[in-house]
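**Student:** Sequence:
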Amino acid sequence: MTDALISPFAAGLRCVCPRCGEGALYAGFLKVAPSCESCGLDLKFADSGDGPAVFVIFAVAPLVIILAFIVENLFHPAPWMHLVLWIPAVIIFSLLLLRPFKAVMIALQYQRQAGAA
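When we follow this note's numbering, the leftmost residue of the sequence shown carries the number -8, and every step to the right adds one.
Hints listed in this document are in silico derivations from the structure and should not be mistaken for laboratory results.
Accuracy of the hints is not assured; some may be wrong.
[Stated by the list, open to error] If you anchor each label on the Cβ, the simulated ranges turn out as follows: (1) P53 to E28: 19 to 25 Å; (2) I48 to H73: 17 to 23 Å; (3) A24 to L58: 32 to 38 Å; (4) G42 to S(-2): 15 to 21 Å.
[Unchecked claim] Below, a list of computed lysine to any residue pairs in the SDA-like style, where the Cα atoms sit at most 25 Å apart: (5) K35 to L21; (6) K22 to C11; (7) K35 to V51; (8) K22 to I48; (9) K22 to F84; (10) K35 to C11; (11) K35 to S(-2); (12) K22 to D38; (13) K22 to L89; (14) K35 to P79; (15) K22 to P79; (16) K35 to A80; (17) K22 to G42; (18) K35 to R5; (19) K35 to V23; (20) K22 to F46; (21) K22 to F36; (22) K22 to W71; (23) K35 to G12; (24) K35 to F46; (25) K35 to M96; (26) K22 to P91; (27) K22 to F0; (28) K35 to F20; (29) K22 to G12; (30) K35 to A1; (31) K22 to V51; (32) K35 to L86; (33) K22 to A105; (34) K35 to L(-4).
Even glycine gets a Cβ: it sits at the ideal position worked out from N, Cα and C.
Please take these sequences and the hints and turn them into a complete structure.
**Tutor:** Written out as structure tokens, the structure reads:
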């Protein structure tokens, strides 16, 4: 595959190399691999910083707030029940979204050659 054919969003959401679209991007849960095992791309340029966390907050917060309003209006649970429901939900949703959001940021960095400057 050529560079132009790989969308940074497709590569990011699949958590694969932004150049070839095949090699794994991560060596751990959020630890970026030193290089792509498929094409050899050096991934040292990848520094997403706090960017993915901000976008995860923007995605998770409205979702949890809407769900909390729906649960409150339908079932009227006790306040402690909201804590039992929504604290784990926020943690789980955030952990599920953090990897792909970070991978998208890295793929966008690669596409825009942010590490070259």
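**Student:** State for each hint whether it applies.
**Tutor:** Hint-by-hint comparison with the structure:
no.: 1; hint: P53 to E28: 19 to 25 Å; verdict: violated, 37 Å
no.: 2; hint: I48 to H73: 17 to 23 Å; verdict: holds, 19 Å
no.: 3; hint: A24 to L58: 32 to 38 Å; verdict: holds, 35 Å
no.: 4; hint: G42 to S(-2): 15 to 21 Å; verdict: holds, 18 Å
no.: 5; hint: K35 to L21; verdict: holds, 14 Å
no.: 6; hint: K22 to C11; verdict: holds, 19 Å
no.: 7; hint: K35 to V51; verdict: violated, 29 Å
no.: 8; hint: K22 to I48; verdict: holds, 20 Å
no.: 9; hint: K22 to F84; verdict: holds, 19 Å
no.: 10; hint: K35 to C11; verdict: holds, 16 Å
no.: 11; hint: K35 to S(-2); verdict: holds, 20 Å
no.: 12; hint: K22 to D38; verdict: holds, 11 Å
no.: 13; hint: K22 to L89; verdict: holds, 12 Å
no.: 14; hint: K35 to P79; verdict: violated, 33 Å
no.: 15; hint: K22 to P79; verdict: holds, 23 Å
no.: 16; hint: K35 to A80; verdict: violated, 33 Å
no.: 17; hint: K22 to G42; verdict: holds, 15 Å
no.: 18; hint: K35 to R5; verdict: holds, 19 Å
no.: 19; hint: K35 to V23; verdict: holds, 8 Å
no.: 20; hint: K22 to F46; verdict: holds, 19 Å
no.: 21; hint: K22 to F36; verdict: holds, 13 Å
no.: 22; hint: K22 to W71; verdict: violated, 35 Å
no.: 23; hint: K35 to G12; verdict: holds, 17 Å
no.: 24; hint: K35 to F46; verdict: holds, 22 Å
no.: 25; hint: K35 to M96; verdict: holds, 14 Å
no.: 26; hint: K22 to P91; verdict: holds, 13 Å
no.: 27; hint: K22 to F0; verdict: holds, 19 Å
no.: 28; hint: K35 to F20; verdict: holds, 17 Å
no.: 29; hint: K22 to G12; verdict: holds, 18 Å
no.: 30; hint: K35 to A1; verdict: holds, 21 Å
no.: 31; hint: K22 to V51; verdict: holds, 22 Å
no.: 32; hint: K35 to L86; verdict: holds, 23 Å
no.: 33; hint: K22 to A105; verdict: holds, 19 Å
no.: 34; hint: K35 to L(-4); verdict: holds, 23 Å
Of the numbered hints given earlier, the model fails hints 1, 7, 14, 16 and 22; all others are met.
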